[in-house]
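Novice: Residue numbers (our numbering): 18 to 232.
I should point out that these hints are in silico values taken from the structure, not numbers from a laboratory.
Worth double-checking, as some hints may not be accurate.
Pair by pair, the computed Cβ-Cβ distance ranges are [claimed, not checked]: (1) Thr208 - Arg52: 50 to 56 Å; (2) Arg112 - Gly224: 14 to 20 Å; (3) Ser40 - Ser163: 26 to 32 Å; (4) Met64 - Arg210: 35 to 41 Å; (5) Gln156 - Lys180: 27 to 33 Å; (6) Arg69 - Gly176: 53 to 59 Å.
Here are the simulated BS3-like cross-link-like pairs (lysine-lysine), alpha carbons at most 27 Å apart as the crow flies [what the hints assert, rightly or not]: (7) Lys159 - Lys130; (8) Lys180 - Lys159; (9) Lys130 - Lys85; (10) Lys85 - Lys42; (11) Lys180 - Lys111; (12) Lys75 - Lys42; (13) Lys105 - Lys159; (14) Lys180 - Lys105; (15) Lys75 - Lys111; (16) Lys105 - Lys130; (17) Lys85 - Lys75; (18) Lys85 - Lys159; (19) Lys130 - Lys42.
Think of the CB as a built atom: it goes at the ideal place given N, C-alpha and C, for glycine as much as any other residue.
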Amino acid sequence: MELTSQFYYSLWEPKVRNELKESPKAIQIMQAAERLFAGGRFHEITMEDVCRCAGVGKGTIYRYFSDKDDLFIRTAVRGIDELVSQLKSHAGEKRPFESRLLDACRSVCSFFKSRRLILHMMQSQNSHKRSAFCAGWSQYRKSIVSALADVLSAGSAEGMIRKDVPSNVLSNLLLGLLRTTARDLTDAAETFRRTEFVIEFFLRAAGPAPDKEFS
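Take these sequences, add in the hints, and give me the full structure.
Specialist: Structure (structure tokens):
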């Protein structure tokens, strides 16, 4: 099967995601697939392996997933809808901004930590498959950036975040810090892997602006 960007875009459709989200059996299969994908090379894993790990027959797997690539991408992005929903809820809560920001960042870090190995595996695929995956991933990343920007905009309205830098720019910067912490700092000292440290580091630059604005 030749993978195209259109193939991957189709897997991000809300209707498709909702059908999977409502199926306990599909979730069971994806959980089994995630354990396998995180523990070995993608090309070495077969659908038969997934069947054995999930305790289901091949017919059940193909009821929900067209092939291994389909299963891989849906497993990789599982939980993003819930993450975006959590971030949006934090933006509208009536409690101190730093508390809301901390919970939002913890949700983001938790997602990236849970997907660290499988996203790393995606990066190791051949360039054609990797570019097709990234085409779809970039669309979903925008939804995370937008939801996190809503949290930062609320902080800006409360005077806790500088107003001279667009919230979507700050959101991209913060998301980069969080992903790096979850993905690349596994060997760093515990102090520097704490979400509280990331937020403190971020707010030193993103807090109320100095007199001179960026130009």
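Novice: Against the structure shown, which of the earlier numbered hints fail to hold, in ascending order?
Specialist: The structure breaks hints 1, 15; every other hint is satisfied.
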